[in-house]
Amino acid sequence: MLIAKVIGTTVATIKDPKLTGRKLLVLRQTDEHGAPFGKPYVAIDTVDAGAGDLVLTAAGSSARQTDITKDTPVDTVIMAIIDSLEVDGKISFQKSE
Amino acid sequence: MLIAKVIGTTVATIKDPKLTGRKLLVLRQTDEHGAPFGKPYVAIDTVDAGAGDLVLTAAGSSARQTDITKDTPVDTVIMAIIDSLEVDGKISFQKSE
Amino acid sequence: MLIAKVIGTTVATIKDPKLTGRKLLVLRQTDEHGAPFGKPYVAIDTVDAGAGDLVLTAAGSSARQTDITKDTPVDTVIMAIIDSLEVDGKISFQKSE
Amino acid sequence: MLIAKVIGTTVATIKDPKLTGRKLLVLRQTDEHGAPFGKPYVAIDTVDAGAGDLVLTAAGSSARQTDITKDTPVDTVIMAIIDSLEVDGKISFQKSE
Amino acid sequence: MLIAKVIGTTVATIKDPKLTGRKLLVLRQTDEHGAPFGKPYVAIDTVDAGAGDLVLTAAGSSARQTDITKDTPVDTVIMAIIDSLEVDGKISFQKSE
Numbered sequence: 001m002l003i004a005k006v007i008g009t010t011v012a013t014i015k016d017p018k019l020t021g022r023k024l025l026v027l028r029q030t031d032e033h034g035a036p037f038g039k040p041y042v043a044i045d046t047v048d049a050g051a052g053d054l055v056l057t058a059a060g061s062s063a064r065q066t067d068i069t070k071d072t073p074v075d076t077v078i079m080a081i082i083d084s085l086e087v088d089g090k091i092s093f094q095k096s097e
Numbered sequence: 001m002l003i004a005k006v007i008g009t010t011v012a013t014i015k016d017p018k019l020t021g022r023k024l025l026v027l028r029q030t031d032e033h034g035a036p037f038g039k040p041y042v043a044i045d046t047v048d049a050g051a052g053d054l055v056l057t058a059a060g061s062s063a064r065q066t067d068i069t070k071d072t073p074v075d076t077v078i079m080a081i082i083d084s085l086e087v088d089g090k091i092s093f094q095k096s097e
Numbered sequence: 001m002l003i004a005k006v007i008g009t010t011v012a013t014i015k016d017p018k019l020t021g022r023k024l025l026v027l028r029q030t031d032e033h034g035a036p037f038g039k040p041y042v043a044i045d046t047v048d049a050g051a052g053d054l055v056l057t058a059a060g061s062s063a064r065q066t067d068i069t070k071d072t073p074v075d076t077v078i079m080a081i082i083d084s085l086e087v088d089g090k091i092s093f094q095k096s097e
Numbered sequence: 001m002l003i004a005k006v007i008g009t010t011v012a013t014i015k016d017p018k019l020t021g022r023k024l025l026v027l028r029q030t031d032e033h034g035a036p037f038g039k040p041y042v043a044i045d046t047v048d049a050g051a052g053d054l055v056l057t058a059a060g061s062s063a064r065q066t067d068i069t070k071d072t073p074v075d076t077v078i079m080a081i082i083d084s085l086e087v088d089g090k091i092s093f094q095k096s097e
Numbered sequence: 001m002l003i004a005k006v007i008g009t010t011v012a013t014i015k016d017p018k019l020t021g022r023k024l025l026v027l028r029q030t031d032e033h034g035a036p037f038g039k040p041y042v043a044i045d046t047v048d049a050g051a052g053d054l055v056l057t058a059a060g061s062s063a064r065q066t067d068i069t070k071d072t073p074v075d076t077v078i079m080a081i082i083d084s085l086e087v088d089g090k091i092s093f094q095k096s097e
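Chains as they are written, first to last, in the working numbering: chain A, 1 to 97; chain B, 1 to 97; chain C, 1 to 97; chain D, 1 to 97; chain E, 1 to 97.
Simulated from the structure, these hints should not be mistaken for laboratory data. Note that the coordinates shown come from a computational prediction; the quantities given were computed from them, not determined experimentally. One should not assume that every hint holds.
The list cannot tell twin chains apart, which means a pair is met if one copy fits it or any two copies do.
[Said to hold, decoys possible] DSS-like mimics (lysine-lysine), calculated; alpha carbons at most 25 Å apart, straight line:
| no. | residue 1 | residue 2 |
| --- | --- | --- |
| 1 | K18 | K90 |
| 2 | K90 | K70 |
| 3 | K70 | K18 |
| 4 | K95 | K70 |
| 5 | K39 | K90 |
| 6 | K39 | K23 |
| 7 | K23 | K90 |
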């Protein structure tokens, strides 16, 4: 899984019927401190994530292993919202209240 | 999913029989403003996308989760046409009428 | 799918039994003009492609969605030979007769 | 599979129900000497790996081929803890007791 | 598939039970001349490859399409030992006797 930050939203009227009503969020991968890098990508949300959240995304067929994404043409899913990350014995990221 | 811009079309007479009659479009990945970068790739179209459209593409086995692409040897599908993108609270891309 | 040019062939006596009699070609990815870049990779041929041809390759489980590659341990397939590419309203590649 | 070093842990209260009770570790890919490089990624642990361990991670649908990860939306699994690596006839990494 | 050179071996006592008795080799991708580049990766061997061999590796779910790797949490398999490569009409690699 990748650590990523939710940075925005997508509006798409014309899309595969299985995507109707689904939330497609824009993300950027981050390091262990939540600092974004690289180009944006888009994932389907299954955990009610919001802008600014640090999340985990799973890609490939694994993205279809949730109730929401079964048999759906999506290749990336947000499947967890990160509360905190501990790296090398220190808290490297802590979600703000 | 990747944000990508449709930049062209492919003509291929000799191909897997399951691809007969299918539209294979040329794309380049873009950032959240629709600015392309990187090398072109090709995806099968399922939403009647056209040149200049900003779209979402899904890769891997997820590309076969549409009525058009089931059991077909394609690894990338266009499954949505983007109307607009909002990033960091601002509209970063808006489809022209 | 990637646009790629067939640049060579592979000979392998010791291989998975399902690969017996199959043609494994060496390719390099190209841009929309057919100019190669990057390192070579190998794909199983299902469309009788030859050296110099510009082709499309599909990767991952999609590579197994042809009669020739079903249940076979190959992760990349040549599933179309490109006749021409049109990008930004101009023919960027045309197969020579 | 990638050679990777476990560098930390993830806490996530809100997540896919199938992830309840699972350990999601933070890793960085390493070379054959165990020297990390690149950005961190996250994998589900199935072998009771701990901080500092050098491990192997498998990605994609292969990450779901364990008893713990079956049908779970995870795309990377730790499936082995490395005792030693031998490269070019020399021990390039040896786990400390 | 990637062209790769076997450069070493992995010892791992703690691992997924399905990996018991399997050979996990360390490889580096090579160009068409067999010259390695990039970081090492690990694949399960199904063709009795040895150190120094140039081989083909298949990734993803395709890595599980052999008798040895069925239902196993491995994402890369060695499925052929290369005898020779011909690129641009010349032998670019020939296995030494």
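Going down the list of hints, with the structure as the test:
{"no.": "1", "hint": "K18 / K90", "verdict": "neither (42 Å within a copy, 27 Å between copies)"}
{"no.": "2", "hint": "K90 / K70", "verdict": "neither (37 Å within a copy, 32 Å between copies)"}
{"no.": "3", "hint": "K70 / K18", "verdict": "both (9 Å within a copy, 14 Å between copies)"}
{"no.": "4", "hint": "K95 / K70", "verdict": "neither (29 Å within a copy, 30 Å between copies)"}
{"no.": "5", "hint": "K39 / K90", "verdict": "between (28 Å within a copy, 17 Å between copies)"}
{"no.": "6", "hint": "K39 / K23", "verdict": "within (20 Å within a copy, 27 Å between copies)"}
{"no.": "7", "hint": "K23 / K90", "verdict": "between (34 Å within a copy, 18 Å between copies)"}
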